[in-house]
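Protein sequences, first through last, are from chains A and B.
Residue numbering for the first sequence follows this note's numbering, beginning at 4 and increasing consecutively.
Residue numbering for the second sequence follows this note's numbering, beginning at 1022 and increasing consecutively.
Worth double-checking, as some hints may not be accurate.
Stated by the list, open to error - Simulated crosslink set (DMTMM-like; lysine to aspartate or glutamate; CA at most 20 Å straight-line):
{"#": "1", "chain 1": "B", "residue 1": "K1127", "chain 2": "A", "residue 2": "E34"}
{"#": "2", "chain 1": "A", "residue 1": "K78", "chain 2": "B", "residue 2": "D1278"}
{"#": "3", "chain 1": "B", "residue 1": "K1113", "chain 2": "B", "residue 2": "D1093"}
{"#": "4", "chain 1": "A", "residue 1": "K237", "chain 2": "B", "residue 2": "D1278"}
{"#": "5", "chain 1": "B", "residue 1": "K1272", "chain 2": "B", "residue 2": "E1196"}
{"#": "6", "chain 1": "A", "residue 1": "K19", "chain 2": "A", "residue 2": "E77"}
{"#": "7", "chain 1": "B", "residue 1": "K1376", "chain 2": "A", "residue 2": "E322"}
{"#": "8", "chain 1": "A", "residue 1": "K78", "chain 2": "B", "residue 2": "E1064"}
{"#": "9", "chain 1": "A", "residue 1": "K173", "chain 2": "A", "residue 2": "E129"}
{"#": "10", "chain 1": "A", "residue 1": "K263", "chain 2": "A", "residue 2": "E322"}
{"#": "11", "chain 1": "A", "residue 1": "K311", "chain 2": "A", "residue 2": "E322"}
{"#": "12", "chain 1": "B", "residue 1": "K1039", "chain 2": "A", "residue 2": "E277"}
What the hints assert, rightly or not - Stretches of chain B that chain A covers, calculated by requiring three or more beta carbons in the stretch to come under 8 Å of a beta carbon on chain A:
{"#": "13", "segment": "1198 to 1207"}
{"#": "14", "segment": "1371 to 1379"}
Worth flagging that the hints you see were computed from the coordinates, not collected in a lab.
Fair warning: this is a prediction, and the values are worked out from it, not measured in the lab.
We put the beta carbon where it would ideally sit given N, CA and C, even for glycine.
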Amino acid sequence: MSEESKVESVEFIEDKHVQYVIDQDSHRSFEYWLSEHLRLNGLYWGVTTLITMNKLDVLPENEVIEFVISCWDEKSGGFGAFPNHDGHLLSTHSALQILKIYDNDLKILDTKRSKIISFVKNLQLEDGSFQGDRFGEVDTRFIYNAVSCFALLGELTPDITEPATKYILKCQNFDGGFGLVPGAESHAAQVFTCLAALAVVDSLHIVQEDTRLIDWLSERQVLPSGGFNGRPEKLPDVCYSWWVLSSLAMLGKQHYVDLKKLENFILTCQDFQEGGISDRPDNQTDIYHTCFGITGLSLIDYKKYNFKEIDPIYCMPVEVTMKFKKWKYNDIPV
Amino acid sequence: MQHGVQRVNLSQEAKRLKLERDAIKTANYRQLTAKLFKLRDSEVYTIETFNETTQILLLNPEFYTMWNYRRDILIHLRPTIGDNDYVTYLNKDLKLVLDVLKRYPKCYWIWNHRRWCLFELEELGKVNWEYEFGVVSKLLEMDERNYHGWQYRRVVVKNIEDFSIKNSENSKDSEALILLNINVKEFEYTTSKIKKNISNFSAFHNRSKLIPKLFQYFKQVSVVPDNLKELHEKVFANAHLLLVHELELIKTGMYMDVDDSSVWLYLRWLLSDSFFVEDLTKEVYISILKEQLSIVEELNQLEKEDHKDHWDHCWCLKTIVFIKVLLAQATDSDILSEEIKSHLNTLTVIDPLRKAKYIEQISGRAKIV
């Protein structure tokens, strides 16, 4: 009678996805150059896709690290998205995530380390929010980028975490979700950044039992596809498999949705010919949707796919994040 | 990031041909990029380089480093060209940004540049927020759920408020009156958007932010102006009236599109938020809950008759459970009554995606409201 979990199994084409990630850098089309401004984020998405599938060794480690370091912008102290591009919080976060996978102590940063810390610190505004760079765009995404950067560097302090927490809570809406800034509509990606930022600064308990929030997140799964949308009455999209499911996972409510149906939706968005995953079935693939499709599959059932388990807070493998010094530092037994 | 673009698998040959075809474009783009980086690194800030950033940004409006360079050029040019020309440049950039936004309405970097231009103009007292208001209204006509568009609208309104207050006599009363007039218009805007399309959750969201504000402003003005007297008396005089008014607004919506979640989410807010509930006596609150319950039950009945297996309607039943729990809370009775458990049981069948949640609620392991 019910439509529950009646899904045929769709093949997961791992080898093609591995090749898809490798090919990202080799096909230097016009579009490749037009997307330079996303390259470091793209590399993070590619590295995360591969490491989740236990295939990181297909990328030459030295070249990856060298490229990341070549994106450092001495002038600002942050990382840009590509060599010569200006430092920005988005790319700085991606850079640190990639480097941390290869080297938990981030020794490679050397003298850059203190400059990166001041770059991020100086972007915090009086109200606790963060701007993405010196030109003043404010967004809850940047709070997440910033606190995660500090977490990766082991540099969180109460003067960062407390105002940031206060600001995030001001972004919660009547439906339980969170928006871009106070007053902005709830959006699943912003919900992820707010919850993950709260989790990084050990404040997730504030919203842990919020039924409005839990309801809003679980209502993102829609029929007939079983995929998640990002806002009410919008179309499903693979990337929300990550933004929504990781949010539910942080709240311990991952089982509140039909994981089989979601899994099936992600699998049907694969490009069976060339690898990669798209937002919806039969659409153009990209590395962003490929990453969040595969990390989504890891959250659903990493054992089944022989994947690494993903940490929903950091979107990095648990075997990497378990080595992080977690806030509050002084609570950790020596 | 590709959103909503249909997949095309090119053959190796087609890819090679495309690469060949694009070779000149690619070379030009990369050459211009390299040139501009060099100029930037040599701290060249001239009108000529400014125009070259236009070229590259038209090719790639997401090239944030070039927007940054463009802003730095303008900042450095300002002392030489003088404020008048600076304003002209900023206004020209607003026009450029608008053209680009039409093609890329969801690009953060472009919105960011618009915001920056406006704040530069604001500092010089040369910004036309009313014009911006027109821009954003048009944009929301093209895409009524555009996330950036709605956010931008709130920013513009906030600036119109600040501007109007700055240019008025400095009394508390006049300030509240200005805010009242501006926000009433915004409130009416959400009404018209909702009446046009009941699924416009963005409009409901904005309304949820405007209502508490307006309520406050009506309280703050000593005399309600004639043009707002009716709205005050019929809607904003107290929380009860307001609640009844809002419930009436969405009642039609429920009947129009019972599957639409916007209305149901909004109803939950109306019936449970302390902003409304605190101002009601227990008796009034209970009677409102009961009335809403009967409306939703009636609608559910109609839906049941239409369903091939006579199932309850999913959103109706979810809402029935929600209201019954509120009623149980208001009357200090048992939340997990047999009746509610039975509804939750039905929901495990008609809303199977969220089955595990309902099972935990039935066993008392998870809260319902």
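Hint check results:
For a cut-off of 20 Å, the pair hint linking K1127/B to E34/A stands: about 18 Å separates their Cα positions. For the proposed pair K78/A and D1278/B, the alpha carbon gap of about 55 Å is over 20 Å, so the pair is violated. For the hint linking K1113/B to D1093/B, the alpha-carbon distance of about 16 Å falls within 20 Å, and the restraint holds. With a C-alpha separation of about 15 Å, the suggested pairing of K237/A with D1278/B holds against the 20 Å cut-off.
The straight-line distance between the Cα atoms of K1272/B and E1196/B is roughly 35 Å, outside the 20 Å bound, and the hint therefore fails. Distance check on the hinted pair: K19/A and E77/A sit about 38 Å apart at the alpha-carbon level, beyond 20 Å; violated. Taken as a hint, the K1376/B and E322/A pair is broken in the structure, with Cα atoms around 32 Å apart against an allowance of 20 Å. For the hint pairing K78/A with E1064/B, the CA-to-CA distance comes to about 12 Å; that is within 20 Å, so the pair holds.
Taking the CA atoms of K173/A and E129/A, the gap is near 14 Å; set against the 20 Å cutoff, the hint holds. At roughly 25 Å between alpha-carbon atoms, K263/A and E322/A are farther apart than 20 Å, so this suggested pair is violated. At most 20 Å may separate the alpha-carbon atoms for a hinted pair to count; K311/A and E322/A meet this at roughly 8 Å. For the hint pairing K1039/B with E277/A, the CA-to-CA distance comes to about 17 Å; that is within 20 Å, so the pair holds.
Check result for the segment 1198 to 1207 of chain B against chain A: violated, 0 residues qualifying (beta carbon to beta carbon below 8 Å, three or more required). Evaluation of the coverage hint for the segment 1371 to 1379 of chain B: fulfilled, as 7 residues show C-beta separations to chain A shorter than 8 Å, against a requirement of three.
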